[in-house]
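Trainee: Chains as they are written, first to last, in our numbering: chain A, 1 to 268; chain B, 1 to 852.
Note that these hints are calculated values from the structure, not bench results. Here the structure is a predicted model, which means the values were calculated and not measured. There could be a bad hint or two in this list.
[Said to hold, decoys possible] Here are the computed distance ranges between Cβ atoms for each label pair:
| id | chain 1 | residue 1 | chain 2 | residue 2 | range |
| --- | --- | --- | --- | --- | --- |
| 1 | B | 51 | A | 185 | 52 to 62 Å |
| 2 | A | 155 | B | 602 | 50 to 60 Å |
| 3 | B | 163 | A | 76 | 50 to 60 Å |
| 4 | B | 141 | A | 229 | 26 to 36 Å |
| 5 | B | 335 | A | 61 | 35 to 45 Å |
| 6 | B | 527 | A | 155 | 28 to 38 Å |
| 7 | B | 85 | A | 61 | 43 to 53 Å |
| 8 | B | 603 | A | 244 | 34 to 44 Å |
| 9 | B | 657 | A | 118 | 39 to 49 Å |
[Unchecked claim] Sample of chain B residues lacking proximity to chain A, with all beta carbon distances greater than 12 Å (derived):
| id | residue |
| --- | --- |
| 10 | 125 |
| 11 | 373 |
| 12 | 494 |
| 13 | 628 |
| 14 | 806 |
| 15 | 811 |
Cβ coordinates follow ideal geometry from the N, Cα and C atoms, glycine included.
Residue strings, one per chain:
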Amino acid sequence: MLRIVSILFFLICSLGVDRIEGSAPKGGEADAIVGKANLAAYYAGTDGRARVRMTITDAQGRERVRQFTILRRDINDGGDQEYLLHFSRPADLRGTVFLVNKHVARDDDRWLYLPGLDLVKRIAAGDKRTSFVGSDFFYEDVSGRGVEEDHHELIETSSEYYVVKNTPIDPGTVEFSSWTAWIDKQSYLPRKMEYLDNTGKVYRRIEALEVRNVGAYPTVSKMKVSDLRSGTYTVSEFRKIEYDLNFPADVFSERSLRNPPRQWLRGR
Amino acid sequence: MSLGARVIHLSLAYPKTLMLLAGLLFVGLGSQIPRISIDTDPENMLPADQAERLFHKKVKADFALYDLIVVGVVNERHAEGVFNTASLSRVYELTRGIESIDGVVRQELLSPATVDDIQPDGPGVVRFAWLMDKAPTTPAAVDSIRSALERNPLLYGTLISEDGKAIAIYVPIRDKSASHRIASAIEALIADFTGEEQYFISGLPVAEDTFGVEMFRQMGIAAPLAGLIIFLLMLFFFRSLSLIISPMIVAFITVGATMGLLIGMGYTVHIMSSMIPIFLMPIAVVDAVHILSEFADLYPRIGKRRATIVRVLEHLFRPMLFTSLTSAAGFASLALAPIPPVRVFGIFVAIGILLAFLLTITFIPAYIMLLSDARIARLRQAPQTQGQRLASWLARIGPGTLSASKPLLVAALLLLALSVVGISRIRINDNPVRWFESDHRIRVADRVLNKHFGGTYDAYLVLTVDSAAAPAAPQPIDTLLLEGQREQGIDLRPQWEAIMATTASLPAESMFDVRIDAVLSLMDEADDVAAELWDEVLLLLEEQQSAAKYFQTPSALRYVEALQTDLQQSGRVGKSNSLVDIVKTVHRELREGAEEYFRLPGSAAGIAQTLLSYQSSHRPQDVWHFVRPDFRATVLWLQLRSGDNQDMLALTRHVDDYLERQPLPEGVRLQWAGLTYLNVVWQQAMVQGMLEALLGSFLIVFLMMLLLFRSLWLGLLAMLPLSITITFIYGLIGLLGKDYDMPIAVLSSLTLGLSVDFSIHFLQRARTLYAELGDWPATVGQLFQEPARAITRNAIVVAIGFLPLLASPLIPYNTVGFFLAAIMATSCFATLVLLPGLLRMTGKRLAVRTKT
Numbered sequence: 001m002l003r004i005v006s007i008l009f010f011l012i013c014s015l016g017v018d019r020i021e022g023s024a025p026k027g028g029e030a031d032a033i034v035g036k037a038n039l040a041a042y043y044a045g046t047d048g049r050a051r052v053r054m055t056i057t058d059a060q061g062r063e064r065v066r067q068f069t070i071l072r073r074d075i076n077d078g079g080d081q082e083y084l085l086h087f088s089r090p091a092d093l094r095g096t097v098f099l100v101n102k103h104v105a106r107d108d109d110r111w112l113y114l115p116g117l118d119l120v121k122r123i124a125a126g127d128k129r130t131s132f133v134g135s136d137f138f139y140e141d142v143s144g145r146g147v148e149e150d151h152h153e154l155i156e157t158s159s160e161y162y163v164v165k166n167t168p169i170d171p172g173t174v175e176f177s178s179w180t181a182w183i184d185k186q187s188y189l190p191r192k193m194e195y196l197d198n199t200g201k202v203y204r205r206i207e208a209l210e211v212r213n214v215g216a217y218p219t220v221s222k223m224k225v226s227d228l229r230s231g232t233y234t235v236s237e238f239r240k241i242e243y244d245l246n247f248p249a250d251v252f253s254e255r256s257l258r259n260p261p262r263q264w265l266r267g268r
Numbered sequence: 001m002s003l004g005a006r007v008i009h010l011s012l013a014y015p016k017t018l019m020l021l022a023g024l025l026f027v028g029l030g031s032q033i034p035r036i037s038i039d040t041d042p043e044n045m046l047p048a049d050q051a052e053r054l055f056h057k058k059v060k061a062d063f064a065l066y067d068l069i070v071v072g073v074v075n076e077r078h079a080e081g082v083f084n085t086a087s088l089s090r091v092y093e094l095t096r097g098i099e100s101i102d103g104v105v106r107q108e109l110l111s112p113a114t115v116d117d118i119q120p121d122g123p124g125v126v127r128f129a130w131l132m133d134k135a136p137t138t139p140a141a142v143d144s145i146r147s148a149l150e151r152n153p154l155l156y157g158t159l160i161s162e163d164g165k166a167i168a169i170y171v172p173i174r175d176k177s178a179s180h181r182i183a184s185a186i187e188a189l190i191a192d193f194t195g196e197e198q199y200f201i202s203g204l205p206v207a208e209d210t211f212g213v214e215m216f217r218q219m220g221i222a223a224p225l226a227g228l229i230i231f232l233l234m235l236f237f238f239r240s241l242s243l244i245i246s247p248m249i250v251a252f253i254t255v256g257a258t259m260g261l262l263i264g265m266g267y268t269v270h271i272m273s274s275m276i277p278i279f280l281m282p283i284a285v286v287d288a289v290h291i292l293s294e295f296a297d298l299y300p301r302i303g304k305r306r307a308t309i310v311r312v313l314e315h316l317f318r319p320m321l322f323t324s325l326t327s328a329a330g331f332a333s334l335a336l337a338p339i340p341p342v343r344v345f346g347i348f349v350a351i352g353i354l355l356a357f358l359l360t361i362t363f364i365p366a367y368i369m370l371l372s373d374a375r376i377a378r379l380r381q382a383p384q385t386q387g388q389r390l391a392s393w394l395a396r397i398g399p400g401t402l403s404a405s406k407p408l409l410v411a412a413l414l415l416l417a418l419s420v421v422g423i424s425r426i427r428i429n430d431n432p433v434r435w436f437e438s439d440h441r442i443r444v445a446d447r448v449l450n451k452h453f454g455g456t457y458d459a460y461l462v463l464t465v466d467s468a469a470a471p472a473a474p475q476p477i478d479t480l481l482l483e484g485q486r487e488q489g490i491d492l493r494p495q496w497e498a499i500m501a502t503t504a505s506l507p508a509e510s511m512f513d514v515r516i517d518a519v520l521s522l523m524d525e526a527d528d529v530a531a532e533l534w535d536e537v538l539l540l541l542e543e544q545q546s547a548a549k550y551f552q553t554p555s556a557l558r559y560v561e562a563l564q565t566d567l568q569q570s571g572r573v574g575k576s577n578s579l580v581d582i583v584k585t586v587h588r589e590l591r592e593g594a595e596e597y598f599r600l601p602g603s604a605a606g607i608a609q610t611l612l613s614y615q616s617s618h619r620p621q622d623v624w625h626f627v628r629p630d631f632r633a634t635v636l637w638l639q640l641r642s643g644d645n646q647d648m649l650a651l652t653r654h655v656d657d658y659l660e661r662q663p664l665p666e667g668v669r670l671q672w673a674g675l676t677y678l679n680v681v682w683q684q685a686m687v688q689g690m691l692e693a694l695l696g697s698f699l700i701v702f703l704m705m706l707l708l709f710r711s712l713w714l715g716l717l718a719m720l721p722l723s724i725t726i727t728f729i730y731g732l733i734g735l736l737g738k739d740y741d742m743p744i745a746v747l748s749s750l751t752l753g754l755s756v757d758f759s760i761h762f763l764q765r766a767r768t769l770y771a772e773l774g775d776w777p778a779t780v781g782q783l784f785q786e787p788a789r790a791i792t793r794n795a796i797v798v799a800i801g802f803l804p805l806l807a808s809p810l811i812p813y814n815t816v817g818f819f820l821a822a823i824m825a826t827s828c829f830a831t832l833v834l835l836p837g838l839l840r841m842t843g844k845r846l847a848v849r850t851k852t
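All chains, please: the whole structure from these sequences, using the hints.
Mentor: Written out as structure tokens, the structure is:
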């Protein structure tokens with residue numbers, strides 16, 4: 001399962017490259033690179049936490065800030081995962097919670113809690129390429145795009161990157177005709193992704209602006225998504241990144257929507 | 001006269017040099033014409049720094065609004081209207097095609113195939129999905145699309161018609177000047193479709209840009225056609241091809257040089273300036289017709305061309321100078337109008353008139369001098385049969401005007417009274433779509449789409465809360481920090497006061513963000529206890545920030561809701577969309593679609609989170625078309641079925657009345673924007689400006705008449721035909737029920753300029769003749785010889801010459817054509833019929849003045 005696109009919320013828990021087994025990819029080269037990138041970007045440690053500060057800048061240069069804490073726990077490496085996002089800013093969104101039970105074999109379960117309406121909503125399975133809370137990130141950037149959803153092709157190998165072109169197997173379900181990823185040869189972290197529309201024009205770009213080592217894990221600590229059509233872009237900065245915190249399973253239960261697990265969100 | 005005489009003698013002495021100079025003038029300035037740039041944007045009727053226009057621009061920027069082309073797909077034949085698989089598939093195909101057209105703001109395209117459906121999907125489940133991400137293939141799929149559209153008040157009446165027969169696609173475009181090209185590209189897509197649907201393309205930008213394209217075509221057709229007809233008419237009157245070529249050359253040089261000068265100086269050709277050739281053509285020809293007319297009459301008697309020309313110009317120089325000066329003054333007065341394109345028009349027509357005068361008194365004599373003797377000889381022998389018929393007819397009228405002068409005067413007064421009634425009925429109104437004939441496809445599309453939908457004209461009602469009204473009291477934070485010092489022994493107040501000091505002067509919109517950022521960075525460096533305290537400061541700051549998000553508070557939105565309800569009930573608005581509709585609709589869908597939740601949530605947080613849900617769609621930017629991201633300004637998008645200024649004006653009055661009853665909350669301003677509203681603004685400026693220009697030029701012309709005739713009475717008489725003409729023309733406009741619009745407003749200067757010509761010629765000659773003859777009936781007899789013929793010929797040439805304008809598909813051109821004929825007829829009639837009788841009443845005065 002390739003979840004390159006979803007690095008945003010996974011890179012905090014990126015595995016060290018050293019934990020990826022195997023030598024230089026050969027046959028099915030592209031698939032192998034993509035598989036490693038998936039692990040590098042999304043499956044680090046057993047769990048992780050970060051404070052995320054998301055700045056949405058519109059075409060007129062006006063900024064809006066959204067801030068949340070993200071918790072993640074792996075059920076099994078490279079397999080199912082759980083996420084909890086708890087918003088703290090702006091004040092009118094404080095206490096809003098987004099919970100995802102990510103499944104490899106079936107559709108993810110997603111819930112949204114809106115405290116201002118005291119409303120828990122399950123979000124139906126369906127199109128995940130919609131805006132995440134009004135930013136330029138997509139929900140799919142959170143809950144992941146399956147490796148098997150695209151055909152992968154290694155189109156270039158430079159001194160720094162593997163360049164992989166990904167073509168959707170069912171073009172009817174997505175708004176792009178293909179996307180290209182520049183994957184770091186050392187860390188296997190995708191450094192740049194570009195999405196092409198049906199006219200062959202790049203209309204969306206994701207960039208890893210800053211990579212830090214958090215313990216043993218190379219981690220993207222600043223990333224930018226640009227919507228080239230509307231001229232808006234969103235920058236996410238990750239702070240207080242921590243791995244292997246041993247969250248108990250009930251942190252990710254539906255109960256946490258209305259009663260956020262304060263001690264785990266806050267940490268220190 | 002001595003200067004004039006010298007000029008004329010020079011041109012008689014060096015005719016070839018003069019021809020060369022005229023040719024150089026034409027080529028030199030005319031060479032600039034290919035650099036032409038067309039401007040049909042009615043926004044440019046207002047100066048770039050005009051307040052309402054600046055506000056409109058700001059609203060477009062603040063709310064990321066684009067000009068829209070509206071494409072309507074109508075199916076009148078299918079029982080379910082457009083809701084069948086075939087029609088929806090075509091809508092889908094068309095949308096995909098339009099998306100790829102260059103210049104279309106793709107992510108803002110509004111069509112059933114580009115919007116989201118937010119629906120409850122079972123208990124506790126909400127669904128965000130494309131409404132129509134592929135062409136539907138089953139009736140069930142069609143039904144679900146239909147019911148989704150009907151459930152969404154933002155789309156119902158906007159994207160689909162309430163009768164289900166039509167779907168509208170709103171195509172936002174980056175640049176208005178590309179709308180004709182984009183509309184043509186859309187038409188090309190449509191051309192490939194077969195089926196029972198009809199397609200219509202509308203919207204103000206298309207109307208305006210298409211007008212530009214047609215206008216360009218008309219400039220190429222109408223003006224030359226008018227030239228041709230004038231040419232044929234002159235041929236008919238003078239029967240000498242070689243002779244009448246000269247006024248045509250004068251006209252062409254005048255038009256070419258004037259337009260070249262205008263374009264060369266970097267002015268764009270606006271709808272007004274596109275009419276310059278059409279205005280200049282008759283004016284340029286008029287003086288030449290006087291010269292030729294008199295030359296043709298005198299030459300057979302005098303027999304020497306040089307002597308004839310000198311004699312002709314002795315008669316004509318002074319009246320021609322004054323007619324040119326008065327016409328030029330009439331147009332130059334438009335420079336006082338507050339509308340830039342009208343100013344340019346007035347100034348360049350004035351320049352053209354003076355140029356035409358110069359050319360006429362130099363070029364025509366030079367040209368006659370260069371004609372071969374044989375041709376001139378032929379002119380001498382030519383029996384002017386046509387001229388004779390007109391002459392004998394006029395000669396018969398002459399004495400009649402004297403004997404029946406009193407009844408004629410009474411008739412004129414009655415006509416004037418009737419005209420005043422007409423003027424009182426004049427309706428000031430304009431609408432760029434109505435610049436097209438009623439069967440033009442743009443007018444047809446306009447009718448059809450406005451029948452089916454909430455309206456294709458938009459106006460924006462903008463509510464803004466002033467910065468001063470932002471609550472910014474920092475006391476709770478001070479108290480908190482004081483407590484922190486007392487209880488935990490850490491004093492953060494110096495740092496906080498530093499933040500306050502540096503941010504105090506920032507606008508409310510950004511002040512809180514900057515303060516929050518400053519606290520956040522202090523928090524990063526602080527120890528645990530201090531960080532804890534900063535966190536609480538942050539909380540209070542954010543509360544203040546939330547309160548500053550005015551249009552996210554329930555009370556503010558309730559005001560908007562009430563205003564919107566009132567507008568909808570007034571019947572003056574076809575459809576309105578606002579932030580309130582978004583919040584209510586999404587709130588309902590979040591609550592399992594239950595109708596009782598089609599209301600505003602009770603708290604700002606509830607509203608914020610409703611909007612957060614709305615933004616979790618494929619179109620997260622949509623909400624920002626209705627509210628500014630700082631929530632301190634919101635816009636109601638009003639769809640109007642009519643773009644008439646009168647209807648827009650009635651709407652603004654309705655809102656004014658509402659505000660009387662329901663005053664705006666403290667600190668909130670209400671302002672209008674949108675193209676339909678801007679049209680009203682410039683129209684009002686124009687009416688006022690034109691009236692001032694008319695009065696101003698009337699006064700200037702009157703002063704010039706006093707200067708010319710050195711007699712108050714003669715001056716007043718000279719003003720009489722034009723006063724009658726203007727009154728009659730505007731009375732006619734009122735009586736015919738024709739809206740007073742931009743082209744009509746400009747006609748006033750034309751009327752003034754053209755109709756004073758006749759009285760100047762007539763009075764000037766009358767005075768000279770009376771001085772010679774000393775007897776009234778004899779003078780009138782003479783007046784109705786050559787002078788009356790020249791006036792009548794001129795009136796006929798100009799009136800008929802502009803009839804081709806009636807065939808144009810553009811209404812302003814028709815208007816000018818029709819009224820030009822009416823102006824000519826009226827002023828010719830008023831001059832010839834009324835002036836003799838009035839002159840006789842003052843015969844003695846005239847004589848006295850002439851003798852001194």
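Trainee: Does each hint fit the structure? Answer for all of them.
Mentor: How the hints compare with the structure:
As the Cβ distance of residue 51 of chain B to residue 185 of chain A is approximately 60 Å, the hint placing it in 52 to 62 Å holds. Checked against the hint of 50 to 60 Å, the C-beta distance between residue 155 of chain A and residue 602 of chain B comes to roughly 55 Å, which is consistent with it. Restraint check, residue 163 of chain B to residue 76 of chain A: a C-beta distance of roughly 57 Å satisfies the suggested window 50 to 60 Å. Between residue 141 of chain B and residue 229 of chain A the CB atoms are about 28 Å apart, so this pair conforms to the stated range of 26 to 36 Å.
Against the hinted window of 35 to 45 Å, the Cβ-Cβ separation of residue 335 of chain B and residue 61 of chain A comes to about 40 Å, which satisfies the hint. Roughly 51 Å separates the CB atoms of residue 527 of chain B and residue 155 of chain A, a value that falls outside the hinted 28 to 38 Å. Restraint check, residue 85 of chain B to residue 61 of chain A: a C-beta distance of roughly 45 Å satisfies the suggested window 43 to 53 Å. For the hinted restraint 34 to 44 Å between residue 603 of chain B and residue 244 of chain A, the CB-CB distance of approximately 39 Å keeps it satisfied.
Hint check: residue 657 of chain B to residue 118 of chain A, Cβ distance near 41 Å, so the stated range 39 to 49 Å holds. Against the 12 Å criterion, residue 125 of chain B falls within the reach of chain A, whose nearest CB is about 4 Å from its own CB. Remark: the non-interface label on residue 373 of chain B is consistent with the geometry, its nearest Cβ contact in chain A lying 73 Å away (cut-off 12 Å). With a least beta-carbon separation of about 25 Å from chain A, residue 494 of chain B lies farther than 12 Å from that chain, consistent with its non-interface assignment.
Against chain A, the non-interface label of residue 628 of chain B is violated: not every CB pair exceeds 12 Å, the least being about 8 Å. With a least beta-carbon separation of about 46 Å from chain A, residue 806 of chain B lies farther than 12 Å from that chain, consistent with its non-interface assignment. Consistency note on residue 811 of chain B: stated as away from chain A, and its beta-carbon is indeed over 12 Å from all of that chain's, at 39 Å minimum.
When each numbered hint is compared with the structure, violations occur for hints 6, 10 and 13.
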